[in-house]
Amino acid sequence: MSELLSPEILMSIMVAAMGGATVILFAALGELVTERAGIWNMGVEGTMLVGCLVAYLVMAGTGSPILASIAAIGAGMVAGLIIGFMTVTLRVDHFVTGLGFNLLASGLTLFWFRSYVGGGKPPSYSTIDTVPIPGLADIPILGQILFNQHLLTYIALLSVPVIAVFLRRTTFGLETRAAGENPQFLEAKGLSVATRQYAALLFGSALTGLGGAFLMLAFADQFRPDISGGRGWLAIVAVIAGNWKPLRTMAAVLIFAILDSLAVHAQGVGVDVPYQFFLMLPYVASIGLLILIRSRSGQPAKLGVPYLRH
Amino acid sequence: MTSPTLEVTALCKSFGSVRANHDVTFSVDAGELLCLFGENGAGKSTLSACLTGLYRPDSGEIALEGTPLRLSSAADAIRHGIGLVHQHFVLVPDFTVLENIVVGSETGLFVDFASAEARLRQICESYGIDIDPNARVEDLSVGEQQWAELLKALYFDAKLLILDEPTATLDVEGSKKLFRIIDKLKADGVAIILITHFLEEVMQADRVAVLRQGAVVGIKKTAETSPEELTRMMVGRDLKRQTRQSTPMGTARLALESVTVEGLGERPDLDDISFCVHEGEIFGIAGVAGNGQRPLMEVIAGVRKPKSGIISLDDTVISSKGVHAIKSMGLGHIPEDRFAEGLVRDFSIEENLILGEHRGTFAKGGLLDFRKMAQNAKRLIAEFSIAAPSGETLVGNLSGGNAQRVILAREMQLASKVLLANQPTRGLDVGVIDYIHQCLFNKKAEGVAVVIASSELEDLIALCDRIGVLFQGRLMGIVDARKTNLEEIGLLMAGHALETAV
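The listed protein sequences derive, respectively, from chains H and V. Start counting at 1 in the first sequence, then tack on 1, and there's your number in our numbering. Start counting at 1 in the second sequence, then tack on 2, and there's your number in our numbering.
A couple of the hints might just be wrong.
Below, computed lysine to aspartate or glutamate pairings styled on EDC-like, alpha-carbon distance capped at 20 Å [unchecked claim]: (1) H:Lys303 - V:Asp141; (2) V:Lys161 - V:Glu9; (3) H:Lys303 - V:Asp96; (4) H:Lys303 - V:Glu140.
Everything labelled a hint here was simulated from the structure, so no lab data went into it.
With the sequences and hints as input, model every part of the structure.
Written out as structure tokens, the structure is:
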């Protein structure tokens, strides 16, 4: 057990955690904006999975991580559009929609992957490299953890303050929050609730798709069924544990990512605790966080309530 | 001559077969206060929804400063300078006052909070409204929220301001202040439509348009009319305050002996209550709200059980029986909260009318007899003048007055011996109140023992034979309604015991 606490291993755990956090953070930030607009999107897991597969197909086909990321964003937006049509236009229960979509995504990606591979061996590619930031990457400890990461990790971390400012200070952010707090208010101001909810879903699902792309590009050289492995669900938990605030949501994401990274390293180092125990940690932590942080003061008042126009 | 700010010509709006607005024509000039006066369900809200783009009229014309308008959304109305102050605030509680106001009026990417706040402060100052722009709405009192709601409309320089029952949440001082603001707005040339059913406010307007059943029945200058005339126009007939008829009272029908009901805390909800109500008697319950009226009604109806004491109906002890057993002995109960306790919003009128009886006459071998239900509904809708397109209309879509008529229709059928009515007229307009009083008199004439709790003391004095006054769960005294006055009941309500028992 003590091997895990050596400085090198701890360092390695943290470095890997930042990468793992990127996947969940993109999805969590997307879900946060979506939920602030009043849509309780339960389809994050499925959206991420679709993002993973599309990123894989494009990466395997073209070898371009940029194209793969853009394609995954597009795939995420298609998923958002479907969920939006169900929840906003048809006013189907948000939970039922999300759960249904996840089942659809799980089956559809598997089917698509199998028919792509056919009988042969699935193509693979080499994962993308990190981009050290000149100067900053040489800072001891912190430089390795924060400034020797993938480009998308920097983007994910920068998104946190950007989204916080967006929600607080921009006209569109204010309107997005109003849609989640009191849709009738927006309608009375002559603004469309549906437009804002669709926009939030498209934005949120695009980020989730990008998270899926990063999972494929940085960690896996080929697609596997249900490769997203519950990270979409952790994103939803992070938003709740973060009380619908960007910075706190990031903190929750980091806790999950560090535990996840710990599990990987525990296997590598060969600790004499069954490794399944470590694999379980992020999910135990998610339940623990929900029990510990029961404040729901930041929850939008009309979250998950289908809005019927006059 | 300049065109009036707003001119409405022959406006019609129907929902299904119900004509909410029919051939409505009126105008408002700049700097004029016009009052829309009418009963609940007379079409005032539909009219204001048509004027603010929420509904599209079926026919007719709306012209603003001489130019015809087609309003297809609230955005259109706002763009043309038509502001609406909602009766039920439409605010985001989690936002500050300023955030509530700027949504929709900012065009850039970032909200310019500094200049918006400066502008808001200037508006507040010029109208004498004292409110902190950076306070969160949920931290404000209800009265302050009303000012925030008003500021939403003032912020965008409305030419026409529609105020939908704005004083319902204001105290006397607040109402005065509102009318000072209205005067200032008039001086600034804003045309104002005030929707209300308070006669005192109506008389402060320049002109009054009276609506009845969706149509304008008359437009009067307030200087040339009287409250009595307006009321007559509104209900379409003379309203005499109904007073009790001297029906001979029979024997004791409903009797309570030392009834005590436990409360949540130390103090019992009802403490040693004894009285009886005779055949053909209307017995009033007066008291400040929350002094035991509700437990009293509920313990008689069997909803709650007494800790001690006996309640009997025609010499049969009912205090140990269940609600259904008691009701089937001939007891009708009009509960205090009509939507929470008296009706199921998502059920149709037909279904609501048989609630409680759905296992009896309306069931056939475990299945509901739809034909019988429909016949029952048809008969009662006609008899109790419930304004609804059909018996299949959901009760949640009815106005408060019509919803109360549904409860009345159901409970009056049941009340062959005792009728309990807790605040049956609360929030309703004079037409419906008058109708409810008539129903109570009909029951009295049939020999039913009627118990009514109301906060309208003058009504109680006019209606009842005797009035019992509750204070902290105790019966302070029973007075003869013929000989009492407001002062005497007021003292009892405040907990002063009666000097001479009746």
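Hint check results:
1. Distance check on the hinted pair: Lys303 of chain H and Asp141 of chain V sit about 19 Å apart at the alpha-carbon level, within 20 Å; holds.
2. Between the alpha carbons of Lys161 of chain V and Glu9 of chain V the distance comes to roughly 13 Å, so the proposed pair stays at or under 20 Å and holds.
3. For the hint pairing Lys303 of chain H with Asp96 of chain V, the CA-to-CA distance comes to about 12 Å; that is within 20 Å, so the pair holds.
4. With a C-alpha separation of about 15 Å, the suggested pairing of Lys303 of chain H with Glu140 of chain V holds against the 20 Å cut-off.
In the structure shown, no violation is registered for any of the earlier numbered hints.
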